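Novice: Position chains A and H against the provided structure of chain X, taking the given hints into account.
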Amino acid sequence: MAFDSLTDFWAMNGYAAYVWPAFIVVLGALVAFALVSVIEQRRLLRHVSALERREARRPGRSATATVEETS
Amino acid sequence: MSAERAATDNTAAGLPGLWQGFSATLYRDCRLRFRRRSELANPLIFFALVVTLFPLGLSPDSTLLAEIAPGLLWVAALLAVLLSLDGLFRDDFDDGTLEQLLLAPQPAGVLVLAKIVAHWLTTGLPLALLSPLLAVMLALPGHSMGVLMLTLLVGSATLSLIGAIGAALTVGLRRGGVLLSLLILPLYAPVLIFGAGIVRLAVEGAVVTPWLALMGAMLALSLLAAPWAAGAALKLSLDG
Amino acid sequence: MWPIIHKLGSPKWFYTMSGRWLPFLWGIGAILITIGSLWGLAFAPADYQQGDSFRILYVHVPAAILAQSCFAMMALCSVIFLVWRIKLADMAAGAAAPFGAAMTFSALFSGAIWGVPTWGTWWVWDARLTSMLLLLFIYLGIMALRGAFASRDGGARAAAILTLVGVINLPIIKYSVVWWNTLHQGATFSLTEKPAMPASMWLPLLLMVIGFYLIFAAVTVARTRNEIIRRQPSARWVRALAQGERNGL
Chain X
1 MAFDSLTDFW AMNGYAAYVW PAFIVVLGAL VAFALVSVIE QRRLLRHVSA LERREARRPG
61 RSATATVEET S
Chain A
72 MSAERAATDN TAAGLPGLWQ GFSATLYRDC RLRFRRRSEL ANPLIFFALV VTLFPLGLSP
132 DSTLLAEIAP GLLWVAALLA VLLSLDGLFR DDFDDGTLEQ LLLAPQPAGV LVLAKIVAHW
192 LTTGLPLALL SPLLAVMLAL PGHSMGVLML TLLVGSATLS LIGAIGAALT VGLRRGGVLL
252 SLLILPLYAP VLIFGAGIVR LAVEGAVVTP WLALMGAMLA LSLLAAPWAA GAALKLSLDG
Chain H
312 MWPIIHKLGS PKWFYTMSGR WLPFLWGIGA ILITIGSLWG LAFAPADYQQ GDSFRILYVH
372 VPAAILAQSC FAMMALCSVI FLVWRIKLAD MAAGAAAPFG AAMTFSALFS GAIWGVPTWG
432 TWWVWDARLT SMLLLLFIYL GIMALRGAFA SRDGGARAAA ILTLVGVINL PIIKYSVVWW
492 NTLHQGATFS LTEKPAMPAS MWLPLLLMVI GFYLIFAAVT VARTRNEIIR RQPSARWVRA
552 LAQGERNGL
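Protein chains in written order, with this note's numbering: chain X, 1 to 71; chain A, 72 to 311; chain H, 312 to 560.
It should be emphasised that the hints constitute simulated quantities derived from the structure, not laboratory data.
Since we're looking at a predicted model, the values are computed, not measured.
Glycine included, C-beta positions come from ideal geometry on N, C-alpha and C.
Warning: the hint list may mix true and false statements.
What the hints assert, rightly or not - Just the calculated beta-carbon pair ranges, DEER-fashion:
1. A/K306 to H/A383: 21 to 31 Å
2. A/S94 to H/W490: 34 to 44 Å
3. H/R396 to A/A112: 39 to 49 Å
Stated by the list, open to error - Partial list, computed: chain H residues near chain A (C-beta under 8 Å):
4. V427
5. G431
6. I479
7. W490
Said to hold, decoys possible - List of simulated lysine to aspartate or glutamate pairs, DMTMM-like, C-alpha gap at most 25 Å:
8. H/K398 to A/D310
9. H/K323 to X/D8
10. A/K306 to A/D132
11. A/K306 to A/E138
12. H/K323 to H/E556
13. H/K323 to X/E55
14. H/K398 to X/D4
15. H/K485 to H/D358
16. H/K323 to X/E40
17. A/K306 to H/E556
Okay, chain X solo, but in the shape it has when bound (with noise of 0.2 Å):
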């Protein structure tokens, strides 16, 4: 440990004003993007069972027309 208590540490020498926001930031940004994705992936499947669904119950309607396929 390079500090001498722990109060050191959090107050880093005085510079806690500088070094805890960079990190906040940079290592919050990375979090960000994590949760964000991991949501994204949820809704998008959400979505595609519910748009199963829907077409399930009106079998002669196919949403297949109105979604492009990519190869």
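Specialist: Just chains A and H now, kept in the frame of chain X:
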């Protein structure tokens, strides 16, 4: 290579070759531009106006003005070129000429280059010729006038070439103007840095030839790459 | 050659394969960054000149490295997309762009904060900061251009062309900004210029950089997977996937 061969084959078959395609497009574009005289003058008036605003906003003190003159003239010229870019392909896109142009047997890059040259002849070149007049008003030392004109001549050609890529990418978009500046301005930074920096050095009486050569190298690089990139961008703008 | 490229370019194949790696990318990345942060924040010795403010280096440098690597990766994807028309490459480039912009902004933000104790000011027109700022604008331009097109393919091709133009320009921008900086003789000492860092200082940095790369890979893969679902929600395998997910939950 194969495009070049195709063009020579065209000549053999009695169709226009590379050079004919280039010169015909250049001639047509220049004629169109000279037909609209008022539009031709717009970038120049804009250039002069921006330069006029700075002494009003800062101070009429000639030592201060002489100090900032290289950067100021360069930024104003750059913005004038930027404003004129949207018209580079817009009219031809709207009336369908562009589609015909890309159907021509000549490679798109050559014809796009002709349009860019026409654009430079009607914006960059007059801006460079006008610049000493405004430089005098900003109290730029007389011995650096030649260098100022030279950097603007070479630099504005580079600006036209790089700007053509942005104009081609945004020509199919309804409100492409603001987006165009967002795309192009960061790419303009090196030209501005070298252009204004060289004039500054010239004011201080330093040797500027090596840096001028670097500006020439930037022009050569953009001459090689930009017409083809702009041609590819035009194709996708027409598809979309 | 061709079968491999087409297999790699198949969204279904990519989706199933990447599903296996993804947890490891997230997990190892998170572990490395946690260890690196704790090590860098608490155990690495303080710098003899800058004191504890130098610890910003442990997030500033990885963010700056990632900002540039991300652009290189996007350029590679753009070439693959433009030459072989592999849509997966475009999805990956599109997925990476916001992350690259975020890393560029992070590097600028942490650099500005670091500037206060080091230079006594938030912003210095230093060569690195300035070229980073221009890089951020290029990222924003690419993202805006992709969004401005009504057709997905048009936006993809436009973004790819602009990325390639940008990648040719970036070294020129960097060089010109350095030249400009020496011309004006601004701040000449740089933030990261260290004469021989001891291992206790650079090891945590190494962990952080590797961790950032892994998280970058994970974010790009995860966002590409989302894009695959978004583009073909009616493909049979996507349906089966959604069903499996629902039963699993």
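Novice: Now look at each hint and say whether the structure bears it out.
Specialist: Hints, one by one, checked against the model:
Here the CB-CB span from A/K306 to H/A383 is close to 26 Å, well matched to the stated 21 to 31 Å. For A/S94 and H/W490, the hinted distance range of 34 to 44 Å is satisfied, since their beta carbons lie about 38 Å from each other. Checked against the hint of 39 to 49 Å, the pair H/R396 and A/A112 passes, with Cβ atoms roughly 45 Å apart. Hint status for H/V427: violated, given a least beta-carbon distance of 26 Å to chain A, over 8 Å.
Given the 8 Å rule on beta carbons, the hint for H/G431 is violated: about 25 Å separates it from the nearest Cβ of chain A. Checking H/I479 against chain A: minimum C-beta separation of about 6 Å stays under 8 Å; hint holds. The interface hint given for H/W490 is met, as the beta carbon of that residue sits about 7 Å from the closest beta carbon of chain A, less than 8 Å. For the hint pairing H/K398 with A/D310, the CA-to-CA distance comes to about 17 Å; that is within 25 Å, so the pair holds.
Proximity of H/K323 to X/D8 is assessed by CA-CA distance (about 52 Å); at most 25 Å being required, the pair is judged violated. Restraint check: the Cα-Cα separation between A/K306 and A/D132 comes to about 51 Å, which exceeds 25 Å; the hinted pair is violated. Restraint check: the Cα-Cα separation between A/K306 and A/E138 comes to about 45 Å, which exceeds 25 Å; the hinted pair is violated. Taking the CA atoms of H/K323 and H/E556, the gap is about 16 Å. The hint holds against a cut of 25 Å.
For the proposed pair H/K323 and X/E55, the alpha carbon gap of about 22 Å is at most 25 Å, so the pair holds. Restraint check for H/K398 and X/D4: not satisfied, since their Cα atoms lie roughly 55 Å apart, outside the 25 Å limit. Distance restraint check for H/K485 and H/D358: the Cα-Cα separation of roughly 28 Å exceeds the 25 Å cut-off, and the hinted pair is therefore not satisfied. In summary, the hint linking H/K323 to X/E40 is supported, as the alpha carbons are separated by about 18 Å, within the 25 Å threshold.
Distance hint between A/K306 and H/E556 is unfulfilled; the C-alpha atoms sit about 42 Å from each other, more than 25 Å.
Consistency with the previously given hints fails for numbers 4, 5, 9, 10, 11, 14, 15 and 17, ordered from lowest to highest.
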